[in-house]
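S.K.: Protein chains in written order, with our numbering: chain A, 1 to 86; chain B, 1 to 164; chain C, 1 to 114.
In case anyone wonders, no lab produced these hints; they're calculated from the structure.
Predicted model only: the values in this text are computed from it and were never measured.
No residue lacks a Cβ here, since even glycine has one placed at the ideal position from N, Cα and C.
Keep in mind that a hint or two might mislead.
Each computed DSS-like pair below joins lysine-lysine, with the alpha-carbon atoms no more than 27 Å apart [what the hints assert, rightly or not]:
1) Lys-42(B) / Lys-78(A)
2) Lys-61(C) / Lys-76(B)
3) Lys-99(C) / Lys-89(B)
4) Lys-89(B) / Lys-102(C)
5) Lys-93(B) / Lys-99(C)
6) Lys-99(C) / Lys-83(B)
7) Lys-83(B) / Lys-93(B)
8) Lys-83(B) / Lys-102(C)
9) Lys-46(B) / Lys-78(A)
According to the in silico footprint, chain C covers these stretches of chain B (three or more CB under 8 Å from chain C) [what the hints assert, rightly or not]:
10) 86 to 98
11) 112 to 122
12) 137 to 147
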Amino acid sequence: MNLLDLALLFMVFAMVPCVYRTIMGPTIPDRVIAVDAMTTVIVVMLGVYSFVQGSVFFMDVALVLSIISFVGTVTISKYLDEGVVL
Amino acid sequence: MKRYLLYSIPLALLWCFVHGDVTILNFLFGLVLGPFVIRPFKSLYKFDKEVSFKDATARIPKEIKYFVILIIEIAKASIAVGKVVIQPKIDIKPGIIAVPIDSKTNLGITAIANTITLTPGTLTLDVSDDRSVLYVHCIDASDPDDIRESIRNDLEKYTLEAFE
Amino acid sequence: MSEISTVLDILSNIVLIIGLIFVFLGMLGLLRLPDVYNRMHATTKIGTLGAFCVMLSILLKVGFTPMGVKALTVGLFLLLTAPIAAHMIGRAAHRHGVKLCKESIIDEYGKSYK
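With the rest of the complex left out, here is chain A:
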């Protein structure tokens, strides 16, 4: 049990408010930013896990996940704003 394992555990605790806000959020934008914040936490976890495992490939997963999160957020907010996506 060293610092990096503790870091992974701590990030799991940090994900609990995001799940709460995703389920209970009063409006749709609340849920969108909760999912966005959850993606940030998962990216941090993937970075730390990549160092723990000594493998580069989890860092690629983190990069792709952050790109998908950004595109998804922009798409949903454009849909909320104008009613069409493209």
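Since the structure of chain A is already known, use the hints to place chains B and C on it.
M.R.: Below, chains B and C without anything else, positioned relative to chain A:
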């Protein structure tokens, strides 16, 4: 031709960083791949404007200075919002205020909006139709004139130096 | 030589702890603050800086190997795209009709469209 080479350099740097090893050979390979990406997205680049290597290289120190100032401001902003979050009882006065800006180009407005979002207690919501007013959400809007003054004097100077 | 690696190790551990605390504070702000706009303050600023700090500590641990360079890329990408995402959600939320919380004292945006 010169234009393609100039626009390929950031793409080649991005290729090096995503690929993982930053070497001269890899950079040259990215430089070869660059025009194949630029050609289909030609309408996104400003092909009618005159470009030169001298202007592009002269702007680099100012951009580095801008990034250093930006990171210091982000650290201050995070500590300020963190203090608000860990108070036992949350006592804030949020509000949306209008901030007039001087910049006219697309890149300048984007840079100013991003900088405002990452500085203490402010978050850009929208730009008006005639591109002269930014609408900014503040976590502490008890003194709107003070916020307008600080944005105009501190941030806009460095941003305009770096991006126009 | 070993002194330098020890110093780098301690420095990266300190940066890692700072980043983890910032991410946790951001998520706590998501739970506690009253409305959408204030919650965006918490997640976009504190969460992004925390993620950047964690990626910086990985870069300090492994040096300029492929893993460190990719970690730096992920951190810079988060730092660049978080404000844009926040800006778009805020605009969409205000036009979608989400009210500001009842503590708000001023709203100069509401009368500028419609």
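S.K.: For each hint, tell me whether it holds in the structure or not.
M.R.: Each hint, compared with the structure:
no.: 1; hint: Lys-42(B) / Lys-78(A); verdict: 24 Å, holds
no.: 2; hint: Lys-61(C) / Lys-76(B); verdict: 25 Å, holds
no.: 3; hint: Lys-99(C) / Lys-89(B); verdict: 22 Å, holds
no.: 4; hint: Lys-89(B) / Lys-102(C); verdict: 16 Å, holds
no.: 5; hint: Lys-93(B) / Lys-99(C); verdict: 15 Å, holds
no.: 6; hint: Lys-99(C) / Lys-83(B); verdict: 25 Å, holds
no.: 7; hint: Lys-83(B) / Lys-93(B); verdict: 15 Å, holds
no.: 8; hint: Lys-83(B) / Lys-102(C); verdict: 21 Å, holds
no.: 9; hint: Lys-46(B) / Lys-78(A); verdict: 26 Å, holds
no.: 10; hint: 86 to 98; verdict: holds (count 9)
no.: 11; hint: 112 to 122; verdict: holds (count 5)
no.: 12; hint: 137 to 147; verdict: holds (count 5)
Consistency note: the structure conflicts with none of the earlier hints.
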